[in-house]
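Student: If you want the building blocks of each chain, they are given just below.
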Amino acid sequence: MSKVSLTINNQKVATEEGTSILEAARSAGIDIPTLCYHEKLAPRGACRLCLVEITRGQRKRLVTSCVYLAEEGLKVETEAKSVVRIRKMLLELMLASSPGVKAIQDYARRYGITRSRFDIEPDFCILCGLCVRYCNEVKGKNAIGFVGRGTQRKVMFFPDIAAEECPKCGECFPLCPTGVIPSNYALAKLPHFTYDNIRL
Amino acid sequence: MPRLKSATDLETRRQEILARRDPDKPCVTICSGTGCHAYGSEKVAQTFAAEINKNGLKEKVDIRRTGCHGYCERGTIVVIFPQEICYLRVKPEDVPEIIETTLTKGEVVERLLYEGEDAQRIIHEGDIPFYKHQSRIVFGPNRFIDPKSIDDYIARGGYAALAKVLSGMTPEAVLAEVKKANLRGRGGGGFPAGMKWETTRNAPGEPKYVIVNADEGDPGAYMDRSLLEGNPHSVLEGLTIGAYAIGASQGFVYVRQEYPLAVENLNVALEQARDYGLLGENILGSGFDFDVMVHRGAGAFVSGESSALMTAIEGRVGEPRPKYIRTAVSGIWGKPSNLNNVETWATVPLIIDKGADWFSSIGTKGSKGTKIFSLVGKVNNTGLVEVPMGMTLREIIYDIGGGIPQGRKFKAVQTGGPSGGVIPESLIDTPVDFDELTKVGSMMGSGGMIVMDEDNCMVDVARYFLNFLSEESCGQCVPCREGIYQMLKILNRICAGQGRSGDIELLEEIAEVVRDASLCALGATAPNPVLSTIKYFRDEYKAHVEEKRCPAGVCKELISYYIDPEKCQACLLCLRNCPVEAITGGKNLIHVIDQDKCTKCSACFEVCPTRFGAVVKLSGVPVPEPVSTGTEVKRKRGGKSE
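Protein chains in written order, with this note's numbering: chain X, 1 to 200; chain Y, 1 to 642.
The hints are simulated quantities; they were obtained by calculation from the structure and are not laboratory data.
List of simulated lysine-lysine pairs, DSSO-like, C-alpha gap at most 27 Å:
hint: 1; chain 1: Y; residue 1: 148; chain 2: Y; residue 2: 25
hint: 2; chain 1: Y; residue 1: 439; chain 2: X; residue 2: 81
hint: 3; chain 1: X; residue 1: 3; chain 2: Y; residue 2: 323
hint: 4; chain 1: Y; residue 1: 587; chain 2: Y; residue 2: 597
hint: 5; chain 1: Y; residue 1: 535; chain 2: X; residue 2: 60
hint: 6; chain 1: Y; residue 1: 548; chain 2: Y; residue 2: 600
Short, incomplete list of chain X residues facing chain Y, as computed with Cβ under 7 Å:
hint: 7; residue: 45
hint: 8; residue: 64
hint: 9; residue: 67
hint: 10; residue: 93
hint: 11; residue: 118
hint: 12; residue: 153
Ideal Cβ positions, reconstructed from N, Cα and C, are used throughout, including at glycine.
Just chain X, with the same shape it has in the complex (with noise of 0.2 Å):
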């Protein structure tokens, strides 16, 4: 593998080739926020936060950094005006669906947001899919996933999966910023919730 090296916020990082933004930036000690990155899984730009410019010749532009790779010579720029600006907005339309949610609230003390200017309709799953995507690349179970579309999106365990392997498994409990999953797994397993109780 070869090395590239580019320059983010002014400082020389160099990398192999074939890493992302992101990961060259948090190697070099240089943090960018995300919700919904993973270093076990395939990166999915979703949450957007990990936004930075990037400037190529003349030409400024936004780029996901946990999918696009690092190039030679790239000048990227993590705290640029026009990032924390999106950043900014993104907080404020999270901390209105989940005010509860730690990692949501740390960020946005980190950019100087204190309210939502949006009604609060509180939500706990904050849909970073983390536990979906565990659970499809590395164990390859599928026992969770994605329900709905836009905001009915929700994710779901699909019992009859979910009832043969996650007693065993619980491996994605961890990797959820909120607490959600756990919790509803231990909802689930409620005596008269059980799949055994159901099957007559």
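With chain X held as given, fit chain Y onto it using these hints.
Tutor: Frame of chain X; chain Y shown alone:
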């Protein structure tokens, strides 16, 4: 049917088909596109068949069910050849008269002809103003062809372009021709098709795929549907030519499940093309192998996005993925995949047949050829129109569309579907051209064109499109899922009279982030309806927010209906038509609307005779105190009010 083994075989077959057909034999063609089908065209066709039998004309007259003619406003359309007599709004009960007058006596049925200005009747389809100003090079053949008959297509020179390519052109030469024609994708983005083909051709990896995007999902748009239903072979021929140029041996048609007739006609066309040796192994003896699979979409608008569409073909949930490597390089199963929409593919045989120079002589500097639009909304002639690029919106709406019904005033036209924007009257002379439409804040899109008059509220229009998009967003990325939702909530409250100061600016702030930060083009273009309506109609937004007034009188919570006691003639019409019995009064007694009961359905407003004009729509002003029950009317005398 023996397979055609060469270009010569195809031409021989064409001559055989033509030899069997007498060009002077009368042929009744009945438009059987989805629009006319809904009017009952099948019944008309069956009545023709039965009546022709009854009159002993079976051997003397042909019947053909054709694809959509485009003038959907006036369906069912029947055209009788060879004279090309065009009858509009034909009902089954008109059939005996047509047979007796036209087919037997050779005369026209005046009352079914198009009635132009000065009550002048027009006989030929092509002379009708709606058609006269169009250039129907792609869509035109629809009306001559039975989509279920490959012979009809071949008789008109179909598959000749494919034969030309396979018998004498290198893939490079085909590619060069399409690039020279500067054909830009008709599906939305307007990306040059030739460049995309070249990228796929040069990308490493085998096999390569070519795909038809028939996932048209814009509200009110049905160009691709009508083309695929009406002339499926033109799309397949274009696709096969593209596959040859790109070096693909497998094609896909991604077509919506909601287009049953398109799926049916496409499958018939595929079978026939295979039987004729125009698909499959060794096409026309050239050694080129190519076949096509149909993939039916499950009705998600977002699946029209290229990466989502390809993910769906792979058998997974049709959701876009972030791509810095284009699908042209890494598409279906990571292989180079070239996607174009129905209309783009259907244009390809024409370019090969008539040459790039001919094609690029039509249109503007940056946009060549023609474009099909679905002209709908507040316009007299609704339907599908095909015009050369560069024609102005005014020409399309007034010359072809016949202007706004009931002499109302034109307000704006929405182009490009949910991803497009509105264009106000001040810009109605904008030409239809990919770059010009983008410049004014809208886009070509796939060709939706919704005309709006003074009775359309622009805030309500933006709300309509955002509502559509909020249901169609896949929901994986935050700006699209949450941003559209919050914008919709703000628009809902503005329309409900709950708008807050700062709402318009907040809308703009969210819109810009959704546009810049979304994962795919659905999110990136979703704010267009909001941004363009604010840009051109900011005062209308302000009236809603600041004065709680809807200038167009659309937003129910901002309007009231009121009966002017000075004008009411106690005719009982509104009282009887009110579905919720909110109107009191009686013979000789002034009618009064109970504002608490009124559901603002507008029935009273519509039935009140124009000469009285007593029912009025109020917005932004308080409703006057009602007159006391039992007040007698003041009669108009001698045309003068007292």
